[in-house]
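Line order of the protein sequences matches chains A and B. If you use the numbering used here, the first sequence corresponds to residues 1457 to 1735, in order. If you use the numbering used here, the second sequence corresponds to residues 2 to 329, in order.
Hints in this document: simulated from the structure, not taken from any laboratory. Mixed in with the good hints there might be a few duds.
Stated by the list, open to error - In silico BS3-like cross-links for lysine-lysine, where the CA-CA straight-line distance does not exceed 27 Å:
# : chain 1 : residue 1 : chain 2 : residue 2
1 : B       : Lys322    : A       : Lys1583
2 : B       : Lys131    : A       : Lys1583
3 : B       : Lys137    : B       : Lys228
4 : A       : Lys1501   : B       : Lys131
5 : A       : Lys1577   : A       : Lys1622
As the list claims (entries may be wrong) - Simulated DEER-style distance windows between Cβ atoms:
#  : chain 1 : residue 1 : chain 2 : residue 2 : range
6  : A       : Gln1705   : B       : Phe324    : 38 to 48 Å
7  : A       : Asp1561   : B       : Arg323    : 44 to 54 Å
8  : A       : Asp1619   : B       : Gly41     : 52 to 62 Å
9  : B       : Leu312    : A       : Gln1600   : 37 to 47 Å
10 : A       : Asp1619   : B       : Phe324    : 25 to 35 Å
Unchecked claim - A few chain B residues that don't get close to chain A, going by computed Cβ distances all over 12 Å:
#  : residue
11 : Pro130
12 : Ile146
13 : Leu227
14 : Ala291
In this text, a Cβ means the ideal position worked out from N, Cα and C, and glycines have one as well.
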Amino acid sequence: MTLMQSFSELMHQRQQRETVNRSRPVETEVTKLDVRNLNFFYGDKQALFDVSMRVAERSVTAFIGPSGCGKSTFLRTLNRMNDIIEGTGHNGRVLLEGQDIYARDVDVVALRKRVGMVFQKSTPFPKSIFENVAYGPRVAGQNQYKALVEIVEQSLKRAALWDEVKDRMNDSALALSGGQQQRLCIARALATNPDVLLMDEPASALDPASTARIEDLIFELKQNYTIVIVTHNMQQAARISDRTAFFFQGYLIEVDATQKLFTTPTKKQTEDYITGRFG
Amino acid sequence: MSVAQATSPLSIKRPSSLTRRVSWTRAREQIIRAVLFLCGALSLLTTAGIIIVLFTEAIYSFGGTAFFQSVSITDFLFDTVWAPQHPDHPRFGILPLLCGTFVIAGLGGLIGLPIGLASAIYLSEYAKPKMRRIVKPVLEILAGIPTVVYGYFALVFVTPYVLRPIFQTWLGFNVDIFNALSAGIVVGVMIIPTVCSLSEDALRAVPRGLREAGYALGSTKFDVSLKVVVPAALSGILASFLLAMARAIGETMAVTIAAGQQPRLTLNPFRGMETMTAYIVNISLGDTEAGSMEYKSLYAVALSLFVITLLMNVLAQWVLKRFREVYE
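The task is simple: from the sequences and hints, build the whole structure.
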């Protein structure tokens, strides 16, 4: 079986799953994020060149590409995470529901409450499971214990972790397994009630079973959230995403419906990459 | 013989035998080893020597009479008067000295610990690299000022130009020229560099991923610093606090000059007090006859001080271990 065929196979499996899950027709897609001519710099070094793309609401968009291609950098421009790195700069526009997130009057703290993020390495705080999830609501000013309990439970349920931790909410989060820690981080991100969820290789440090759980979870979450995920694993992109964007050396080479990009890519570089000729 | 060795111009001579031989190289290794061992042993021997002297002079002496062979330990710990020089009825209650030590160290801690931690947070989380390059050396200068200068500063500046105008002229308290508050203030300033530099190390060791996770959840910089980074660095911060307090308790010259030499059991920071260290200075410098009770009391006080600072250090080590979060 060739690689292309195996991707077709994957897509077929997915479509069967989607017919069950997806109730909303494709034509009602609303643009959530709209990036226009974005250039990004680390000091003098340009990392992104003239990137433009749209991300539809309640969809999963995957970014693929070899290491150092700019996919993570691009992801981090979407919640202005790069702001905390010294000496970075950009031009171009990133619109969230039509509002430029880099405009002067934008409150970056508010932006990050709406655009949540999950990192490659799970980063639980050295606190209890409960306090980890309650962190976001707490810094947002929610101090009522009853409300926090509710938010925490709801978030953990959404992240498919509730059943495993409900009896040990006061244990240290660091005692959880790697896969559980990552789902805890997802729960923690969900607790701030974002509408966009950015995921930077969320499963790359996990074993296959935990990875499958995270992928199922992403599939569930897209009914309520707009998800953008960076992955170095093309099969993963094929399994979970609606649209896939291929980055190479700071350029967005191609972005299209996942099925189309993996079966009939229009650019030579994309084809070379997904057929494993480099990367 | 391999081709590579035969042709390479860089090949070095291969040892032909693996049997040990007496050689200069081997002898040199042995000498270096011995010298290094002696250096290590020296500090151990010094510590052991100090402990032995303290023990024989204070607790139990063969033949002679150690301090606690003449004064009961209950009197020493619970009598409220320290008057070793009284001609007829000398009394050896260490409470006034303990009180002086802890009031001054406590005031120093109240001032030095929060400021030290705050400046560590500033340096680690807020300051730009350029700012850090200026502030760190300045802090090190602060750490390098001889403590006698701090004491002098407390006596000729802090008390007359800061404390007296505020507390005496304005608020109506009676401020002694030698007082615990001025000593506490300069001790506080003195421990700032210790707290700051150790806490900053602990804060900077917190992985960047944790900070990013905090920011990604919509935290302000202040939230991230106080609710993410400080808790994650708690063990190092607490250890820096304990080490700084050990330093404050052991501080000698500044408190001797600033707080005076009157053992007084009071919590009033405007009065003069004598710390354990100040008493040791007092007796060491005076014309006390060797072998007298007064002279021996020196060792009893020194032993108490030694035990207190030792406990602080052990506690600091324990805290470091107990609260350490392990990051990959």
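Checklist entry - Any of the earlier hints contradicted here, and which numbers? => result 2, 11 and 13
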